[in-house]
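Chemist: Mind docking chain B on chain A? Use the hints.
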Amino acid sequence: MSEKLSIVLFSGTVDKLMAASIIASGAAAMQKEVTIFATFYGLFALRKGDWKQNRRISKDFEDYGAQFLQVLEAKKAPNWLETLQSAMDIGNVKVKACGLTMDLLSIKLEDLEPIVSEIVGVAHFIEEASDGQIIFL
Amino acid sequence: MEGIKITKESDARGSFCPGPLMEMIRLVRSANVGDVVAVISGDEGSKKDIPAWINKARYELVGMEEAAPGGTRIICRKNH
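Chains as they are written, first to last, in my numbering: chain A, 1 to 137; chain B, 1 to 80.
Looking at chain A on its own, in the form it has when it is part of the complex (with noise of 0.2 Å):
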């Protein structure tokens, strides 16, 4: 069996996404069962369409906000859901979202990007990601 890395999006700013999906095409590159739980904030970034007008910096990094998006558009870097669409291009790369946030919120899985597959429960994931790595973001 192929070892995993499990990722915990929980943040929905486009600096947390990046790094996210960058993460996800390195791991998927080196072989590694990935997959993305979404959740909370992460989730609400992967509604259909959303990613078009999310311009959200993280809080703690708001100072480097406007010069980090700036350097993105003026370098043409691809935006983050074209990054995770390769690296399920080129690899194993689930993305999988949280029940309990698509029931507060009112979400069904036909409102979210195409990539998503399933919604599932935490236990679901916990137990999936039991015998990789965790990275909470």
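Treat the hints as calculated values from the structure; they're not laboratory data. Please note that a few of the clues may not be correct.
[Said to hold, decoys possible] Below, simulated DSSO-like cross-link-like pairs (lysine-lysine); rule was C-alpha separation at most 30 Å, straight line:
hint, chain 1, residue 1, chain 2, residue 2
1, A, K75, B, K47
2, B, K47, A, K94
3, A, K94, B, K48
4, B, K48, A, K4
5, A, K94, A, K108
6, B, K5, B, K78
7, A, K108, A, K59
8, B, K78, B, K8
9, B, K5, B, K48
10, A, K108, A, K52
11, A, K4, B, K56
12, B, K8, B, K56
13, B, K48, A, K76
14, A, K52, A, K75
15, A, K48, A, K76
16, B, K78, B, K56
17, B, K48, A, K75
18, A, K4, B, K78
19, B, K78, B, K47
20, A, K75, A, K94
21, B, K8, A, K75
22, A, K52, A, K76
23, A, K94, A, K4
24, A, K48, A, K4
25, B, K47, A, K4
26, A, K76, B, K47
27, A, K108, A, K48
28, B, K8, A, K76
29, B, K78, A, K94
30, B, K8, B, K47
31, B, K5, B, K47
32, A, K94, B, K56
On a predicted model such as this, the values are computed, not experimentally measured, just so you know.
Modeler: Structure of chain B alone, referenced to chain A:
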């Protein structure tokens, strides 16, 4: 690299980590067994990243060379 015939090459300068690696993976996947493919990367990290992937996927790193301007050509043989 003298005497090495590169079947396909992709210029990934201007692409950011992990873009050049993704490009190498796509090239190798679409190549036939025995083909030699190359990616030119301007990203410093690629010099470590791409060989690490080649090693992990058990392909052969044929070599790396400076490809002017501001790029390194990383050459891989799809040996299986």
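Chemist: Decide if the proposed pair is consistent with the structure: B/K47 and A/K4, CA atoms, cutoff 30 Å inclusive.
Modeler: With Cα atoms ~25 Å apart, B/K47 and A/K4 stay inside 30 Å; holds.
Chemist: Hey, B/K8 versus A/K76, does the alpha-carbon distance stay inside 30 Å?
Modeler: holds, 25 Å
Chemist: CA of A/K52 to CA of A/K76, is that 30 Å or under?
Modeler: With a Cα-Cα distance of about 14 Å, the restraint between A/K52 and A/K76 holds, given a limit of 30 Å.
Chemist: For a C-alpha distance cap of 30 Å, please report whether A/K76 and B/K47 respect it.
Modeler: holds, 22 Å
Chemist: Hey, B/K48 versus A/K75, does the alpha-carbon distance stay inside 30 Å?
Modeler: Since the Cα atoms of B/K48 and A/K75 sit roughly 23 Å apart, the hinted pair holds (cutoff 30 Å).
Chemist: Is the hinted pair A/K52 and A/K75 satisfied, with a Cα-Cα distance of at most 30 Å?
Modeler: holds, 17 Å
Chemist: Would the hint linking A/K94 and A/K4 be met if the CA-CA limit is 30 Å?
Modeler: Measuring from Cα to Cα gives roughly 11 Å; hence the hint holds.
Chemist: Taking 30 Å as the top limit, are the C-alpha atoms of A/K94 and A/K108 close enough?
Modeler: Distance of about 18 Å is within 30 Å: holds.
Chemist: Hint check: A/K108 vs A/K48, CA-CA at most 30 Å. Holds or violated?
Modeler: holds, 11 Å
Chemist: Would the hint linking B/K78 and B/K47 be met if the CA-CA limit is 30 Å?
Modeler: Satisfied, since the Cα-Cα distance of roughly 18 Å is no more than 30 Å.
Chemist: Verify the proposed pairing of B/K8 with B/K47, using a straight-line Cα cut of 30 Å.
Modeler: holds, 19 Å
Chemist: For A/K108 and A/K59, compute the direct alpha-carbon distance and say whether it is at most 30 Å.
Modeler: holds, 28 Å
Violated hints for the displayed structure: none, as all numbered hints are satisfied.
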